[in-house]
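Undergrad: Since the structure of chain A is provided, determine the placement of chain B on it from the hints.
First to last, the sequence lines map onto chains A and B.
Position one of the first sequence corresponds to residue 1 (the numbering used here), numbered consecutively onward.
Position one of the second sequence corresponds to residue 1 (the numbering used here), numbered consecutively onward.
If you are wondering where the hints come from, they were derived from the structure by calculation, not from laboratory data.
Worth double-checking, as some hints may not be accurate.
Identical copies look the same in the list; a pair holds intra-copy or inter-copy alike.
Said to hold, decoys possible - With a cut-off of at most 25 Å between alpha-carbon atoms, the simulated BS3-like pairs for lysine-lysine come out as follows:
{"no.": "1", "residue 1": "60", "residue 2": "285"}
{"no.": "2", "residue 1": "244", "residue 2": "82"}
{"no.": "3", "residue 1": "321", "residue 2": "62"}
{"no.": "4", "residue 1": "197", "residue 2": "300"}
{"no.": "5", "residue 1": "197", "residue 2": "418"}
{"no.": "6", "residue 1": "223", "residue 2": "197"}
{"no.": "7", "residue 1": "123", "residue 2": "35"}
{"no.": "8", "residue 1": "25", "residue 2": "365"}
{"no.": "9", "residue 1": "401", "residue 2": "466"}
Number of protein chains: 2
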Amino acid sequence: MKDQVKEITSMEEDFAQWYTDIVKKAELVDYSSVKGCMILRPYGYAIWENIQRVMDERLKEKGHENVYMPMFIPESLLQKEKDHVEGFAPEVAWVTHGGEEKLAERLCVRPTSETLFCEHFSKIVQSYNDLPKLYNQWCSVVRWEKTTRPFLRTTEFLWQEGHTVHATAEESHAETIDILNLYAWFCEEYLAIPVIKGQKTEKEKFAGAKATYTIESLMHDGKALQTATSHNFGTNFTEAFDIKYLNKNGRWEHAHQTSWGMTTRTIGAIIMVHGDNNGLVLPPKIAPTQVIIIPIAQHKEGVLEKAATLQERIAKVARVKMDAGNKSPGWKFNEYEMKGIPIRVEIGPKDIENNQAVLVRRDTKQKEIVTLDALETRITELLQDIHESMFARAKAARDEKTYVAHSMEDMQKIADEKQGFIQAMWCGELACEERLKEELGVTSRCIPFEQVQHTTSCVCCQKEAKHMVYWGKAY
Amino acid sequence: MKDQVKEITSMEEDFAQWYTDIVKKAELVDYSSVKGCMILRPYGYAIWENIQRVMDERLKEKGHENVYMPMFIPESLLQKEKDHVEGFAPEVAWVTHGGEEKLAERLCVRPTSETLFCEHFSKIVQSYNDLPKLYNQWCSVVRWEKTTRPFLRTTEFLWQEGHTVHATAEESHAETIDILNLYAWFCEEYLAIPVIKGQKTEKEKFAGAKATYTIESLMHDGKALQTATSHNFGTNFTEAFDIKYLNKNGRWEHAHQTSWGMTTRTIGAIIMVHGDNNGLVLPPKIAPTQVIIIPIAQHKEGVLEKAATLQERIAKVARVKMDAGNKSPGWKFNEYEMKGIPIRVEIGPKDIENNQAVLVRRDTKQKEIVTLDALETRITELLQDIHESMFARAKAARDEKTYVAHSMEDMQKIADEKQGFIQAMWCGELACEERLKEELGVTSRCIPFEQVQHTTSCVCCQKEAKHMVYWGKAY
Numbered sequence: 001m002k003d004q005v006k007e008i009t010s011m012e013e014d015f016a017q018w019y020t021d022i023v024k025k026a027e028l029v030d031y032s033s034v035k036g037c038m039i040l041r042p043y044g045y046a047i048w049e050n051i052q053r054v055m056d057e058r059l060k061e062k063g064h065e066n067v068y069m070p071m072f073i074p075e076s077l078l079q080k081e082k083d084h085v086e087g088f089a090p091e092v093a094w095v096t097h098g099g100e101e102k103l104a105e106r107l108c109v110r111p112t113s114e115t116l117f118c119e120h121f122s123k124i125v126q127s128y129n130d131l132p133k134l135y136n137q138w139c140s141v142v143r144w145e146k147t148t149r150p151f152l153r154t155t156e157f158l159w160q161e162g163h164t165v166h167a168t169a170e171e172s173h174a175e176t177i178d179i180l181n182l183y184a185w186f187c188e189e190y191l192a193i194p195v196i197k198g199q200k201t202e203k204e205k206f207a208g209a210k211a212t213y214t215i216e217s218l219m220h221d222g223k224a225l226q227t228a229t230s231h232n233f234g235t236n237f238t239e240a241f242d243i244k245y246l247n248k249n250g251r252w253e254h255a256h257q258t259s260w261g262m263t264t265r266t267i268g269a270i271i272m273v274h275g276d277n278n279g280l281v282l283p284p285k286i287a288p289t290q291v292i293i294i295p296i297a298q299h300k301e302g303v304l305e306k307a308a309t310l311q312e313r314i315a316k317v318a319r320v321k322m323d324a325g326n327k328s329p330g331w332k333f334n335e336y337e338m339k340g341i342p343i344r345v346e347i348g349p350k351d352i353e354n355n356q357a358v359l360v361r362r363d364t365k366q367k368e369i370v371t372l373d374a375l376e377t378r379i380t381e382l383l384q385d386i387h388e389s390m391f392a393r394a395k396a397a398r399d400e401k402t403y404v405a406h407s408m409e410d411m412q413k414i415a416d417e418k419q420g421f422i423q424a425m426w427c428g429e430l431a432c433e434e435r436l437k438e439e440l441g442v443t444s445r446c447i448p449f450e451q452v453q454h455t456t457s458c459v460c461c462q463k464e465a466k467h468m469v470y471w472g473k474a475y
Numbered sequence: 001m002k003d004q005v006k007e008i009t010s011m012e013e014d015f016a017q018w019y020t021d022i023v024k025k026a027e028l029v030d031y032s033s034v035k036g037c038m039i040l041r042p043y044g045y046a047i048w049e050n051i052q053r054v055m056d057e058r059l060k061e062k063g064h065e066n067v068y069m070p071m072f073i074p075e076s077l078l079q080k081e082k083d084h085v086e087g088f089a090p091e092v093a094w095v096t097h098g099g100e101e102k103l104a105e106r107l108c109v110r111p112t113s114e115t116l117f118c119e120h121f122s123k124i125v126q127s128y129n130d131l132p133k134l135y136n137q138w139c140s141v142v143r144w145e146k147t148t149r150p151f152l153r154t155t156e157f158l159w160q161e162g163h164t165v166h167a168t169a170e171e172s173h174a175e176t177i178d179i180l181n182l183y184a185w186f187c188e189e190y191l192a193i194p195v196i197k198g199q200k201t202e203k204e205k206f207a208g209a210k211a212t213y214t215i216e217s218l219m220h221d222g223k224a225l226q227t228a229t230s231h232n233f234g235t236n237f238t239e240a241f242d243i244k245y246l247n248k249n250g251r252w253e254h255a256h257q258t259s260w261g262m263t264t265r266t267i268g269a270i271i272m273v274h275g276d277n278n279g280l281v282l283p284p285k286i287a288p289t290q291v292i293i294i295p296i297a298q299h300k301e302g303v304l305e306k307a308a309t310l311q312e313r314i315a316k317v318a319r320v321k322m323d324a325g326n327k328s329p330g331w332k333f334n335e336y337e338m339k340g341i342p343i344r345v346e347i348g349p350k351d352i353e354n355n356q357a358v359l360v361r362r363d364t365k366q367k368e369i370v371t372l373d374a375l376e377t378r379i380t381e382l383l384q385d386i387h388e389s390m391f392a393r394a395k396a397a398r399d400e401k402t403y404v405a406h407s408m409e410d411m412q413k414i415a416d417e418k419q420g421f422i423q424a425m426w427c428g429e430l431a432c433e434e435r436l437k438e439e440l441g442v443t444s445r446c447i448p449f450e451q452v453q454h455t456t457s458c459v460c461c462q463k464e465a466k467h468m469v470y471w472g473k474a475y
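Isolated chain A, as found in the complex (with noise of 0.2 Å):
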């Protein structure tokens, strides 16, 4: 069984068993008896490291410091913000008992910590001279969900949390947007997944939020994924915790706050935005492994020292493999195209013979030849032409999904037949927005921040349009 690369459901046959395929054949994760819980495997870590790794060295270059907050929060610091309590309060875990004795106040297993910041912000926000205070942690969250699917939803996931406290609103709206460009400049520049930049809608957004922002990026199936968010809590959060500084004249003020965070859901957004019917493709700047080297022929003289040795030049450009298995090289593309590695070196008696390597990209699969003396110029070309390619291909795809509803059958019509993003004006009604989930399955995703203004009437109620709000169906 483990002899051959099995082969994966089509995602034009089934697009949800294509999607587990590939987290299980690629061997991302794997299941356990922990329902809703999923086992991050060294491939799948792999990836969530080099992306921890970049995010953490920006977040760092802003002024941006890590710490560690407890896992738990009692079940009365929980409730001390109203909305946020109700917007977390039924999906959390909860801890009952420690040992054998039952506990005095529940616990409940972090879905987030702002609460627990706050309390901590609490006590060391004195004066405006200890502002702003800009931390960050990475740890996993849990909340119960019902159902689930490796990445895109599940009881426990990793995240990082940053939670900052400033002097002033136009401060906290400040960070709150550069958090979103951050997180934006992340996706196109490393993962090569196009975003659309916006806020979230009243409805849609964070509990205990005055505003919120979000990437929202577009998937094979259009289905919309929201991946990352950005929060701008204004005071609400510093009223309930009584966060307050001196400030410059003497007067006591309370701070005002953000938060926000990106997950391992990105993983998910990789997979359903680069993958095709042969596996994983991994955008190069991320890829755990960015070169593999298939010997060919590898029981003749001299095969596996010229592998070894391309080795030790590519590594110095790039994150390079060899594999000099047993397996046969038919067995092995099988293998590394469904772990979407991006480039393939292959090298042989003949390539050797003629100073050259057959190299394959993952994306297009397109083979050339390069002379060895060009082998790591090229290499490197090729790494930064893959990524501005799957870029281009993500964006272009994205682009011929996304319509513009100018009427509710547009919509229905759009929605039901097509799927993908769905520009249509609204007059920021909850009951226009409520009423297009109702009808036609659809959620509001986000206003852009790049607006066009279709028509002048909502594309529910006729009245007054406010904005033009992205729509469509999500993960």
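TA: Okay, now just chain B, sitting in the frame of chain A:
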């Protein structure tokens, strides 16, 4: 209040209070309303990040791969290995409700992850080709402790837990020892803490292990600290979880297994081995900031500019910060002594005139004047020298507090009057070990690899001695 560095209790007066003062005043941790858990503040977490970075790199070099397992363990899974569940069940936190619903089966928050790894291994290990599996994970674990102290014993703590599976008993033994040596090397080379390597007695070994190995270090107050442990499970878990592989001869065999861990406890060891009555003293290799520059008379022309130039130069050889804040130099000296920064650089108008700077090392408080031409070289030398001096002092202190006991009376006297490591011969019987604990309050720390045969009879029962053992009071 924030304008002065508050004094700390002296360690001679009250060691426990001295410790608590340091963790608070050096801003390593804060308390929260979550009983027994601690908040790792930026400075404390940055030390842990440095520990992680070094250990993670070394583990990967040795072929280990990182994974992430769920934080929950179903009760039935925890119960699969008899000794293991007996050891851990009394001290776990139980999740009984998800949202509004009572769970059909309780989940414990992982106190350690053997059972989850085993369940996974039983699925992915089939053939000798699949072995070894060398896995590691960085996460937090929870043990319901009655009395807690920051870093040393907390309900939740951070650690790495390695889990490996091997074909043979020889290989799992070799891995266990190899990792113990890695831990010892890390403590001595990075934390400047000398350790005793040895094996735990049957009584003190890990729940479910065949053999537990440990590194033990000695604190300022003469108490021992178990600093990291490495366990050889043999086939205890692989039999319980049916982890079998087909060997080269086509026969099924149970695999052999290890686990090993190092925790944020090491930060407690750093405090209690190196700290003094002015605060923390950080080993240079893991200090978040290695050099702090304090401008003197910074309002005078050219001082801040010169200090900034020095910062740029030093940044090429060390982790450096400058404090150009409004506080007085004296305040800053105290503040960075409290934080244990290895080298302070003072630069003022007179120094600039003389093309020099003043260097003050934290460990000995020795001052020296260095010509600016030699600044980088001298700082590099000094950091190495500080590391070596700290190690040498810690070793001398430990050796001075290491005693040999030939009788129960000897031992009692040492335990009561002196505190420290006590070397004494032991017959190997549980009864004697228990009697020493009950009557003298000492536990066996380890059977050291380096044996010295002081006498031929057990310190307790006078029967034939099997080993020399390190005994002591411990954290």
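Undergrad: Does each hint fit the structure? Answer for all of them.
TA: Structure-based check of each hint:
no. : hint         : in the structure
1   : 60 with 285  : both (20 Å within a copy, 20 Å between copies)
2   : 244 with 82  : within (19 Å within a copy, 53 Å between copies)
3   : 321 with 62  : between (34 Å within a copy, 16 Å between copies)
4   : 197 with 300 : neither (55 Å within a copy, 48 Å between copies)
5   : 197 with 418 : within (23 Å within a copy, 67 Å between copies)
6   : 223 with 197 : within (16 Å within a copy, 57 Å between copies)
7   : 123 with 35  : between (38 Å within a copy, 17 Å between copies)
8   : 25 with 365  : within (20 Å within a copy, 59 Å between copies)
9   : 401 with 466 : within (24 Å within a copy, 77 Å between copies)
In terms of the numbered hints stated before, the structure departs from hint 4 and from no other.
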